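Participant: Each chain is listed here by its residues.
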Amino acid sequence: MPLREKILITLTPLLFLQFFILGWIAYERLKSISQQTTFEQMNTLVNQVSLHVKSDLESLSANIELFSNSELLQKYMFADEEDRYGIWQRPLLTLFSSYITAYPDYYEIRVLLPDGYEDTRFTMGDLPNVQEEEGESIYFQEMAQSKHTLDINLYRNPDNQEIAFLAYKKLILRETYKSTLDEPTLRGYLVITKRPEFIEQQTRESRIGKNGWLFFTNDQGIILFHPDEQQAEQALSNDLFERLVQNAKSHTVFKETYQGQMVFFQGVQLHPHLFLFAVLPEKEILSDSQTLGIIVAIITFASIFITGGVFFILMNFLLIRPIRQLDQATKEIASGNLDVHLDITTQDEIGSLASEFNKMASDLKTSHKKLEEINEASSRFVPIQFLHLLNKENIIDVALGNNTQLNMSVLFSDIRAFTTLSEQMSPEENFKFLNSYLSQMGPIIRKYNGFIDKYIGDSIMALFDKGPDDAVLGAIDMSRELAEYNQGRKSAGYPAIQIGIGINTGDLMLGTIGEHNRMEGTVISDAVNLASRIEGMTKMYEASILISEQTFNHLIKPSHYSIRVLDRVKVKGKLESVTVFEVLDGESPELRDKKLKTQNRFEEAITLYGLMKFEEVIQIMKEVLVQCPEDMAAKIYIERCESFLKEGVGEHWTGITELYIK
Amino acid sequence: MKKNMAICWRLSLLVLILLTFSYKITDVYASSEKETLVFLTWADYMDPDLIKRFEEKFNTKLKQVYFESDEQREQKLALTSGQGYDLVVVSGAYVAAHTKRQWIAPLDFSQIPNIQHIAPRWRTAFPKTENYTVPYFWGTIGITYRKDLVSGEVNSWKQLFQPDESLRGKIGMFNDSKEVIGIALKALNYSINSKDRKELTEAEKLLITQKPFVKMYSTGDLVPKKVMVEGKVWMGMAYNGEALLLQERHPEIRFVVPEEGTGLWVDYLAVMQSSKKKELAMAFINFLNTPKNAAQLASFLNYATPNHAAEKFMPPEYLKNPLIYPNQEVLAKSEFFKKLSPRSERKRNLIFSKIVH
Numbered sequence: 001m002p003l004r005e006k007i008l009i010t011l012t013p014l015l016f017l018q019f020f021i022l023g024w025i026a027y028e029r030l031k032s033i034s035q036q037t038t039f040e041q042m043n044t045l046v047n048q049v050s051l052h053v054k055s056d057l058e059s060l061s062a063n064i065e066l067f068s069n070s071e072l073l074q075k076y077m078f079a080d081e082e083d084r085y086g087i088w089q090r091p092l093l094t095l096f097s098s099y100i101t102a103y104p105d106y107y108e109i110r111v112l113l114p115d116g117y118e119d120t121r122f123t124m125g126d127l128p129n130v131q132e133e134e135g136e137s138i139y140f141q142e143m144a145q146s147k148h149t150l151d152i153n154l155y156r157n158p159d160n161q162e163i164a165f166l167a168y169k170k171l172i173l174r175e176t177y178k179s180t181l182d183e184p185t186l187r188g189y190l191v192i193t194k195r196p197e198f199i200e201q202q203t204r205e206s207r208i209g210k211n212g213w214l215f216f217t218n219d220q221g222i223i224l225f226h227p228d229e230q231q232a233e234q235a236l237s238n239d240l241f242e243r244l245v246q247n248a249k250s251h252t253v254f255k256e257t258y259q260g261q262m263v264f265f266q267g268v269q270l271h272p273h274l275f276l277f278a279v280l281p282e283k284e285i286l287s288d289s290q291t292l293g294i295i296v297a298i299i300t301f302a303s304i305f306i307t308g309g310v311f312f313i314l315m316n317f318l319l320i321r322p323i324r325q326l327d328q329a330t331k332e333i334a335s336g337n338l339d340v341h342l343d344i345t346t347q348d349e350i351g352s353l354a355s356e357f358n359k360m361a362s363d364l365k366t367s368h369k370k371l372e373e374i375n376e377a378s379s380r381f382v383p384i385q386f387l388h389l390l391n392k393e394n395i396i397d398v399a400l401g402n403n404t405q406l407n408m409s410v411l412f413s414d415i416r417a418f419t420t421l422s423e424q425m426s427p428e429e430n431f432k433f434l435n436s437y438l439s440q441m442g443p444i445i446r447k448y449n450g451f452i453d454k455y456i457g458d459s460i461m462a463l464f465d466k467g468p469d470d471a472v473l474g475a476i477d478m479s480r481e482l483a484e485y486n487q488g489r490k491s492a493g494y495p496a497i498q499i500g501i502g503i504n505t506g507d508l509m510l511g512t513i514g515e516h517n518r519m520e521g522t523v524i525s526d527a528v529n530l531a532s533r534i535e536g537m538t539k540m541y542e543a544s545i546l547i548s549e550q551t552f553n554h555l556i557k558p559s560h561y562s563i564r565v566l567d568r569v570k571v572k573g574k575l576e577s578v579t580v581f582e583v584l585d586g587e588s589p590e591l592r593d594k595k596l597k598t599q600n601r602f603e604e605a606i607t608l609y610g611l612m613k614f615e616e617v618i619q620i621m622k623e624v625l626v627q628c629p630e631d632m633a634a635k636i637y638i639e640r641c642e643s644f645l646k647e648g649v650g651e652h653w654t655g656i657t658e659l660y661i662k
Numbered sequence: 001m002k003k004n005m006a007i008c009w010r011l012s013l014l015v016l017i018l019l020t021f022s023y024k025i026t027d028v029y030a031s032s033e034k035e036t037l038v039f040l041t042w043a044d045y046m047d048p049d050l051i052k053r054f055e056e057k058f059n060t061k062l063k064q065v066y067f068e069s070d071e072q073r074e075q076k077l078a079l080t081s082g083q084g085y086d087l088v089v090v091s092g093a094y095v096a097a098h099t100k101r102q103w104i105a106p107l108d109f110s111q112i113p114n115i116q117h118i119a120p121r122w123r124t125a126f127p128k129t130e131n132y133t134v135p136y137f138w139g140t141i142g143i144t145y146r147k148d149l150v151s152g153e154v155n156s157w158k159q160l161f162q163p164d165e166s167l168r169g170k171i172g173m174f175n176d177s178k179e180v181i182g183i184a185l186k187a188l189n190y191s192i193n194s195k196d197r198k199e200l201t202e203a204e205k206l207l208i209t210q211k212p213f214v215k216m217y218s219t220g221d222l223v224p225k226k227v228m229v230e231g232k233v234w235m236g237m238a239y240n241g242e243a244l245l246l247q248e249r250h251p252e253i254r255f256v257v258p259e260e261g262t263g264l265w266v267d268y269l270a271v272m273q274s275s276k277k278k279e280l281a282m283a284f285i286n287f288l289n290t291p292k293n294a295a296q297l298a299s300f301l302n303y304a305t306p307n308h309a310a311e312k313f314m315p316p317e318y319l320k321n322p323l324i325y326p327n328q329e330v331l332a333k334s335e336f337f338k339k340l341s342p343r344s345e346r347k348r349n350l351i352f353s354k355i356v357h
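Protein sequences, first through last, are from chains X and L.
The opening position of the first sequence corresponds to residue 1 in this note's numbering, with each subsequent residue numbered one higher.
The opening position of the second sequence corresponds to residue 1 in this note's numbering, with each subsequent residue numbered one higher.
Hints may be right or wrong, so weigh each one.
Stated by the list, open to error - Simulated pairs of lysine-lysine, BS3-like, Cα-Cα distance not exceeding 25 Å:
id : chain 1 : residue 1 : chain 2 : residue 2
1  : L       : Lys211    : L       : Lys195
2  : X       : Lys75     : L       : Lys211
3  : X       : Lys75     : L       : Lys354
Stated by the list, open to error - Partial list, derived from the structure: chain L residues whose beta carbon lies under 8 Å from chain X:
id : residue
4  : Ser177
5  : Ile208
6  : Thr209
7  : Gln210
8  : Lys338
9  : Pro342
10 : Asn349
11 : Leu350
12 : His357
To be verified - With the Cβ distance kept under 7 Å, some of the chain X side facing chain L (calculated, not the full set):
id : residue
13 : Glu81
14 : Ile87
15 : Pro91
16 : Leu93
What the hints contain is simulated information worked out from the structure, not anything from laboratory work.
Only a predicted model underlies this, so the values are computations on that prediction, with no experimental measurement involved.
C-beta atoms are modelled at their ideal positions from N, C-alpha and C, and glycine is treated no differently.
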């Protein structure tokens, strides 16, 4: 699995988990804050309304107390009917009017007499008066029976059917003019009707969250004020109201099913007969949380992707890419390309790794180069083909006794009369000359897929494993090369040199010999001997290239070459005889042409030679010599036949020449 | 605005109390040098020349304290329980209440010989007036208006109570429940002293519909004297003499007693029970009723005097002026403002409070 995927696989869950946990915590926290905020809003509203209503009621109490202490009112209460209505009522009404101007929600101020007669009434605007005798009214009876001298109640004003606060003060007065010893007596009631403007406004306008609302009930659980006017006057179930009241007293928020949905309630008692309740549907809090959740989720996932992306890009840039470069470079090196250089210059472990890598690569390259050099050097001593033929890659793989048997052609070449030549030169000149000569020949042998097995003084022993054609062609090329080389020598004033090349083909044993610490690759075979012997024959016949019958027979395209039969010979000590052929292509073109012209006659003579018709042989060979005086073979045959004619042949003459040379 | 009014009201009450208090002090202070008569009366209801002459003749000082309406006078007196004044001008309907409260003292007519010039029918026009008071003037309430600003002829109370649209905010009304409600009843062809609930409710409705046209509810020197002359009020309630006085200040001001008839009033002079200078007070009453003086005062104030003997000192065209002496036809359709029962007053108070506040 690539590093990138590994990082992704390990990193993604880590990031995800981390942000998910973070997001979850944020969500839970925000949710609780949001819920808390909503509840706080509800609580604040309830407290504010409660405070305002209570302060309104307190101010109403204080005001009615203040108004009841008015001197004018006191005078009024003690005046007889005539003075009361004839004199004091008008300023009293003006006074009431000023009160109402100052407190517009006190829309009705009245003086009731102890029997309930509505003595004085001032109202804001033209509010009709349903009755003047209030003695029978429930509120009046409650008021008369109450032990409080000052109190505020809720009641439904019969004049306009609106729910209002009714504040009263019992006017229990002592007639100060006359005697301070008088027992104070109940002279009447000062009654103020206050429109619950604030409550109405709050009911209408207050919202908790988006859908929460306020409503007010009396102490019987009858809804007095509700944003939905249809619900006003309806009664809450006793059970629900009881719980509401309980929770209002303990100031707790509690959950209830109300009108088919889960809602939160918070309540407060504003007055013995008045309760305020705030309602907040649970749905709203849930939907708030949902919205919040979506937002947090979006932020969380965005964070994951952005952070993950940035992290991954950085990771890629800082870590993965350099590592991949390293990886790539390593592969390059593995595949043999040692010219790898990493351009990573960071100051971290990867940078140092890259720099070490570069160093290593460069060292590797150096040592590889050295190794190659060693290999190359060793290949100069032990030809690579030799190793290949042993199925070895390297010289170090070669062990003592490794061997193989192959059908190959063996080529021997030798500089003719080298001993004479070398005697005329200093050792240095000898080496110079030899190396100069050999360096001309070596490439030709390699060109024709051959390799030099060894140098023996001025001799070259080369092996051709891909067929005798290679060896023959190589030999021809060597002869040509030599001709050119001789041109060079000639122009430099040196005598021309001549080489002889012998080729044989057969099964060869390739292997290593020696001992553990000193070994040598070598070829063991009679074929090698024969090749050497054939090469030796070139001196005698003054031929450039001679090949054995085995070689000739294995030529793929013998017609490509100009070849003539030369002799049938038998190596001393061996039973088998072998026919030797001369490759005319190795001669100079003139000589080759002459030999070609006489080839038929020459070969006719050789046939006659086998039939022991020596005289005819002599005759033909003499003809040949006429045409080609340089043909040494013809001379040899004449000499041989003359000898046979003179001395006779043995009983067992077979026409095979026994080679004595070497 | 309303708040301001409320504050004004409180302030005025305070000022009133302070004034009353300070009068007492100055009274005491003055008496050490010159005797001062304190006379509680309407503004512009006396001839300064007569005062001067009286002061010279009796080596005294006359201090006038003004009220703006009968109802205000009652409050003023009630606040001091009738103390602090020597003389008072009382409308006939209130005389009995004053005697009952013992604010005014019975007169010693031996000290007021000029009582002989007074027509008896005025002396007995209201309960208790005969022994406690001397008639001062009598008159009518009518409509005063700017002829140059109000188009057409004005001859009905309806034109005041159900005014033309052009009169929105241009009407001036008295600030006195008895007179305002009484005249509204008259406009509806009911008695000005009606106690009938239904009739009173009708009058209340009439007054409420009139309210948007009313610039101010005020009696005394505000309406209609300055505002009429200035043209801020184009039409309003007025006493006849008051309107005639105004006419002298602006020639386009007119007065009319509407064809429905009107309320008649009679003012009486009375001496306060608490007065320490009752004799001087009675001397002043006697002085005013000297026929020549009575004639001078009447023609100065443009009111009808109950003093018979004064008539021969007055120009005939004055005596024939129907605005001062209404003809029989008008008188037949008119009534005196009478004393009402307390409950009836209460009813009117409650109605009036809705109108003026």
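Participant: Tell me the hint numbers this structure goes against, listed in increasing order.
Facilitator: 2, 6, 7 and 8
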